[in-house]
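Asker: Given next are the chains, with one letter for each unit.
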Amino acid sequence: MSTSTNILDIKNIEVTYDNVILALHDVSLKVPKGKVVALLGANGAGKSTTLKAVSTMLASERGKVTKGTIEYDGTSIEKQNPSQMVGLGMVQVLEGRRCFGHLTVEENIIAGAYSRKLSKGDINQELEKIYTYFIRLKERRKSQAAFTSGGEQQMIAVARAMMAKPKMLLLDEPTMGLAPQLVAEIFNIVKELNQKEGVSILLAEQNTNVALKNSDYGYIIETGRVMLDGTAQSLLSNDQVKELYLGISKKGRKNFRDVLKEESLTKKKIN
Amino acid sequence: MVEELLFFMEVLVGGLLAGTMYSLVALGFVLIFKASATFNFSQGAMVFFSVLAFVGFMQDFNIPFVLAFILAALLMVVVGLCTERFVLRPLMNASEDTVLMATIGLGYVLEGLAQAAWGVEVRRLDLGIGDFPVPWIADNLKLFISALDITAGLVAAIMIIGLFLLFKYTKIGLGLRAVADDAGAASSIGIPLKHIMLLVWSAAGVVALVAGCMWGARAGVQFALVDLALKALPVLIIGGFSSIPGAIIGGLIIGAVEKVLEVYIGPFFGGAIEGWAPYVLAIFFLLYRPEGLFGEKIIRRV
Numbered sequence: 001m002s003t004s005t006n007i008l009d010i011k012n013i014e015v016t017y018d019n020v021i022l023a024l025h026d027v028s029l030k031v032p033k034g035k036v037v038a039l040l041g042a043n044g045a046g047k048s049t050t051l052k053a054v055s056t057m058l059a060s061e062r063g064k065v066t067k068g069t070i071e072y073d074g075t076s077i078e079k080q081n082p083s084q085m086v087g088l089g090m091v092q093v094l095e096g097r098r099c100f101g102h103l104t105v106e107e108n109i110i111a112g113a114y115s116r117k118l119s120k121g122d123i124n125q126e127l128e129k130i131y132t133y134f135i136r137l138k139e140r141r142k143s144q145a146a147f148t149s150g151g152e153q154q155m156i157a158v159a160r161a162m163m164a165k166p167k168m169l170l171l172d173e174p175t176m177g178l179a180p181q182l183v184a185e186i187f188n189i190v191k192e193l194n195q196k197e198g199v200s201i202l203l204a205e206q207n208t209n210v211a212l213k214n215s216d217y218g219y220i221i222e223t224g225r226v227m228l229d230g231t232a233q234s235l236l237s238n239d240q241v242k243e244l245y246l247g248i249s250k251k252g253r254k255n256f257r258d259v260l261k262e263e264s265l266t267k268k269k270i271n
Numbered sequence: 001m002v003e004e005l006l007f008f009m010e011v012l013v014g015g016l017l018a019g020t021m022y023s024l025v026a027l028g029f030v031l032i033f034k035a036s037a038t039f040n041f042s043q044g045a046m047v048f049f050s051v052l053a054f055v056g057f058m059q060d061f062n063i064p065f066v067l068a069f070i071l072a073a074l075l076m077v078v079v080g081l082c083t084e085r086f087v088l089r090p091l092m093n094a095s096e097d098t099v100l101m102a103t104i105g106l107g108y109v110l111e112g113l114a115q116a117a118w119g120v121e122v123r124r125l126d127l128g129i130g131d132f133p134v135p136w137i138a139d140n141l142k143l144f145i146s147a148l149d150i151t152a153g154l155v156a157a158i159m160i161i162g163l164f165l166l167f168k169y170t171k172i173g174l175g176l177r178a179v180a181d182d183a184g185a186a187s188s189i190g191i192p193l194k195h196i197m198l199l200v201w202s203a204a205g206v207v208a209l210v211a212g213c214m215w216g217a218r219a220g221v222q223f224a225l226v227d228l229a230l231k232a233l234p235v236l237i238i239g240g241f242s243s244i245p246g247a248i249i250g251g252l253i254i255g256a257v258e259k260v261l262e263v264y265i266g267p268f269f270g271g272a273i274e275g276w277a278p279y280v281l282a283i284f285f286l287l288y289r290p291e292g293l294f295g296e297k298i299i300r301r302v
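So the sequence lines, in the order shown, correspond to chains A and B. Mapping of the first sequence onto the numbering used here: position 149 corresponds to residue 149, and the numbering continues sequentially without gaps. Mapping of the second sequence onto the numbering used here: position 201 corresponds to residue 201, and the numbering continues sequentially without gaps.
One thing to keep in mind: the hints can contain errors.
Said to hold, decoys possible - Taking lysine-lysine pairs in the DSBU-like style, the calculated list, with each CA pair at most 30 Å apart, reads:
no., chain 1, residue 1, chain 2, residue 2
1, B, K168, A, K138
2, B, K142, A, K129
3, A, K165, B, K194
4, A, K165, B, K142
5, A, K165, B, K171
6, A, K120, B, K34
7, B, K142, A, K117
8, A, K120, B, K168
9, B, K142, A, K142
10, B, K194, A, K167
11, A, K64, A, K35
12, B, K168, A, K142
To be verified - Computed footprint of chain A on chain B, listed as stretches where at least three residues anywhere in the stretch have a Cβ under 8 Å from a Cβ of chain A:
no., region
13, 40–47
14, 78–85
Source of the hints: derived by calculation from the structure; they are not laboratory data. C-beta atoms are modelled at their ideal positions from N, C-alpha and C, and glycine is treated no differently.
With the sequences and hints as input, model every part of the structure.
Answerer: Following this line, the structure appears as structure tokens:
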């Protein structure tokens with residue numbers, strides 16, 4: 001991978017909140033142009049922090065990149081603010097969807113084009129294009145966003161981000177709390193946007209299996225460090241990943257009860 | 001009987017129109033509450049500051065009426081600019097309570113600045129509209145209604161229509177509503193919070209100037225305007241803090257209720273109940289309908 005093919009290049013960043021809480025120790029990752037990269041890990045591992053460091057939303061949470069560099073599209077993001085990043089074509093879809101509840105679905109999506117200077121006609125044209133990916137939203141476009149379902153709200157959040165015409169999307173747990181069927185639907189849309197619109201994607205997920213199946217490359221982080229990285233294929237077949245994140249051991253599926261049983265057996269043996 | 005009814009009508013209409021004066025002040029609060037979820041305690045000071053500057057330009061510098069008004073409006077935009085830069089931006093991530101306290105401080109600064117620049121004596125503001133009954137209405141409808149009250153009603157109507165159109169149909173209005181709903185999400189899609197805050201504070205400043213003109217013409221331009229603006233609090237509790245129509249209707253209700261109560265129930269309490277009657281009404285609203293008549297319901301999916 002040469003640098004010019006990477007749209008995002010994070011080198012050894014360290015992030016602290018409130019000047020004291022160390023959230024990321026040493027994270028490096030690359031997103032090649034036009035690819036989907038998954039950032040995996042448990043709660044509190046540092047996935048959201050990494051994404052916010054990239055979109056420069058950290059500042060609004062009293063966080064700061066204290067070491068390392070982040071390069072987006074060949075330039076350092078150090079001096080940028082979130083609205084400038086959107087102008088450069090990088091949009092983050094925040095964790096928990098965060099729709100504008102009192103606005104209609106369509107107003108939500110149009111708000112995404114705020115950073116672009118578009119005429120009414122242009123906006124309608126863009127809207128129609130967006131609706132081809134999110135057919136379900138077109139039907140609900142006059143409803144108040146707060147009254148739509150969780151899956152629809154996630155679609156609104158992604159559609160809204162797409163209205164800014166991004167080169168790169170940062171998706172923070174897009175499938176959180178969604179039923180498996182919707183998880184698949186969301187990922188299908190994400191894949192489609194990636195392939196047809198050529199948007200590069202960095203997504204943070206806890207749903208390791210689905211995320212890797214829909215990505216080109218993956219990074220696994222734990223307590224603010226990258227523990228493992230590789231192509232999605234290699235990670236899916238990696239024994240460690242299988243055991244720790246997919247719940248599959250060499251002997252086949254393993255659940256929590258089995259683990260407890262094993263533990264009590266080993267204890268007995270020691271006694 | 002007819003005479004009694006006419007008298008009641010007169011009290012009611014007088015109250016309603018006086019209420020629009022409250023609405024005008026309340027509008028300024030609503031604008032800022034919508035964008036930053038903060039009750040702006042300095043709104044009263046902004047009313048005082050803006051109208052004193054307006055009168056000062058006219059009386060001390062002999063600037064003509066219209067030009068002085070434009071200058072005062074521009075001055076309020078500058079105040080908005082400074083507030084965004086020196087108060088709101090440094091407090092960007094602070095809690096709402098911190099911003100609330102900051103607005104109290106801002107209020108004192110504005111009061112002090114206004115008096116330092118223009119002096120402390122009460123000034124007269126002549127809008128060319130008399131505060132006496134309109135003869136035509138008095139002759140034909142037998143109602144005594146002040147021309148100033150009618151003007152205030154018209155001005156309030158124009159402002160509410162203007163603001164409604166701004167919010168509903170312009171890009172900046174959409175941005176403002178988005179920020180009001182979720183400032184973090186708005187900034188994540190590239191809506192610059194800075195511009196929105198600047199717009200809102202400037203608009204609130206201009207609204208304060210208009211409200212100040214109406215009140216100043218009635219009661220004289222004086223320090224008491226600061227406290228008078230706090231009458232907007234029961235107006236907002238009744239109408240809803242985040243609703244522009246709410247501010248208008250709330251103002252009308254307060255105006256009507258306080259005048260009617262004053263006339264019909266006041267004597268039993270020895271008069272002067274219009275000072276506190278609106279707050280009693282506000283307490284009932286807080287108990288039974290805390291979001292007000294038109295306030296945005298807190299929508300929560302479960």
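Asker: Now tell me, hint by hint, if it's right for this structure.
Answerer: Results for each hint:
{"no.": "1", "hint": "B:K168 <-> A:K138", "in the structure": "holds (21 Å)"}
{"no.": "2", "hint": "B:K142 <-> A:K129", "in the structure": "violated (63 Å)"}
{"no.": "3", "hint": "A:K165 <-> B:K194", "in the structure": "holds (22 Å)"}
{"no.": "4", "hint": "A:K165 <-> B:K142", "in the structure": "violated (64 Å)"}
{"no.": "5", "hint": "A:K165 <-> B:K171", "in the structure": "holds (17 Å)"}
{"no.": "6", "hint": "A:K120 <-> B:K34", "in the structure": "holds (26 Å)"}
{"no.": "7", "hint": "B:K142 <-> A:K117", "in the structure": "violated (56 Å)"}
{"no.": "8", "hint": "A:K120 <-> B:K168", "in the structure": "holds (14 Å)"}
{"no.": "9", "hint": "B:K142 <-> A:K142", "in the structure": "violated (49 Å)"}
{"no.": "10", "hint": "B:K194 <-> A:K167", "in the structure": "holds (25 Å)"}
{"no.": "11", "hint": "A:K64 <-> A:K35", "in the structure": "holds (27 Å)"}
{"no.": "12", "hint": "B:K168 <-> A:K142", "in the structure": "holds (14 Å)"}
{"no.": "13", "hint": "40–47", "in the structure": "violated (count 0)"}
{"no.": "14", "hint": "78–85", "in the structure": "violated (count 0)"}
When held up to the earlier numbered hints, the structure conflicts with 2, 4, 7, 9, 13, 14 and fits the remainder.
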